[in-house]
Amino acid sequence: MATKKLFEFEVDEVMDIFVLIKSADARLAKNGKRFLAMTFEDDSGELAGMYWDAKDEDVALFEPGKVVKLNAKRENYQGKPQVKIIGLRLAKETEPHDPSYFLPHAPEKRSEIEAQIDQFIFEITQPTWNRIVRNLLQKHHEAFFTFPAAKTNHHAFAGGLSFHTLSILRLAKAVSSQYEGIDTALLYAGTILHDLGKTVELSGPVSTSYTVAGNLIGHISLVDGEIVAACQTLKLDPQQEDVLLLRHVILAHHGMLEYGSPVTPHVLEAEILHRLDEMDASIMMIQGAMAHTKPGEFSERVFGLDKRSFYRESEDE
29 MATKKLFEFE VDEVMDIFVL IKSADARLAK NGKRFLAMTF EDDSGELAGM YWDAKDEDVA
89 LFEPGKVVKL NAKRENYQGK PQVKIIGLRL AKETEPHDPS YFLPHAPEKR SEIEAQIDQF
149 IFEITQPTWN RIVRNLLQKH HEAFFTFPAA KTNHHAFAGG LSFHTLSILR LAKAVSSQYE
209 GIDTALLYAG TILHDLGKTV ELSGPVSTSY TVAGNLIGHI SLVDGEIVAA CQTLKLDPQQ
269 EDVLLLRHVI LAHHGMLEYG SPVTPHVLEA EILHRLDEMD ASIMMIQGAM AHTKPGEFSE
329 RVFGLDKRSF YRESEDE
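Position one of the sequence shown corresponds to residue 29 (our numbering), numbered consecutively onward.
It should be emphasised that the hints constitute simulated quantities derived from the structure, not laboratory data.
A couple of the hints might just be wrong.
When the alpha-carbon atoms are kept at most 25 Å apart in a straight line, the in silico DMTMM-like pairs for lysine to aspartate or glutamate are as follows [stated by the list, open to error]:
#, residue 1, residue 2
1, K94, E121
2, K94, D44
3, K94, D84
4, K335, E74
5, K108, E328
6, K101, D53
7, K179, E103
So the derived label-pair ranges between C-beta atoms look like this [stated by the list, open to error]:
#, residue 1, residue 2, range
8, E325, K83, 35 to 45 Å
9, V203, E85, 47 to 57 Å
10, K167, Q147, 17 to 27 Å
11, K97, S237, 35 to 45 Å
Idealized CB from N, CA, C, for every residue including glycine.
Turn these sequences into a full structure, and let the hints steer you where they fit.
This is the structure we're talking about:
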């Protein structure tokens, strides 16, 4: 009989399984004692839990990226699922201990994602944009196809960055076939590069965290710097109009200044990318919440969508 996964246990059910530590933050309780605020994950999802009365050796031992044997009870706290930790120890070498085994992955194979993105690159017929895209994808190739698109929220799984990119490319192709006057080469180039800065902003697929550059600069500004650097390599003027258009589409893709974009969209392709990016992220967050919601009930609140909960329709009797 197969071992149950982390998110397959019901409330009040006790689990004794191997999981990956996604995060472990040392904090002080009101009584002055230290505890670890932890998040555990496997490919079924992630759950938070508190490790109370944490000693120095516990903080050093239970680091993000380590596989542990978790003995705990599934609970709900303020409407959110969590685990009450009963016992915790590191996995032994004779037990499952490879972090990659526990990572959630993109729903499509990497080889298929790569092949489809390559096809879209062939459709970027404007030579400047094509050269820049190829240069930067070659530079960040491995990270682009293995990193998540976010630490939490949407596409927060191994390969999520490239899968998110491909999803938007598919949407962009559909929109371009529906409306006239869209520069598909610009839209595709902007889509492929819009989140490429996350290969610098994030640490990687295992126990994802923000890098110093990610915290201080952010992925939007980081990828703009990457484009300027690519122009120097390719002997292009970063101030020429076609490069400025590409930079604008990317710099504006969060849509609003308060959401991190240094500019708001001022060309059609920038507006389209912003809307499609937002739509793809929102759908993935809602689907993620629905996957852990029983028919006829509301999901837990989704932080990235104004803390709204979503209803899953009842199954037919």
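Going through the hints against the structure:
| no. | hint | verdict |
| --- | --- | --- |
| 1 | K94 x E121 | holds (12 Å) |
| 2 | K94 x D44 | holds (16 Å) |
| 3 | K94 x D84 | holds (17 Å) |
| 4 | K335 x E74 | holds (18 Å) |
| 5 | K108 x E328 | holds (6 Å) |
| 6 | K101 x D53 | holds (21 Å) |
| 7 | K179 x E103 | holds (24 Å) |
| 8 | E325 x K83: 35 to 45 Å | holds (40 Å) |
| 9 | V203 x E85: 47 to 57 Å | holds (55 Å) |
| 10 | K167 x Q147: 17 to 27 Å | holds (20 Å) |
| 11 | K97 x S237: 35 to 45 Å | violated (24 Å) |
The structure shown violates just one earlier hint, number 11.
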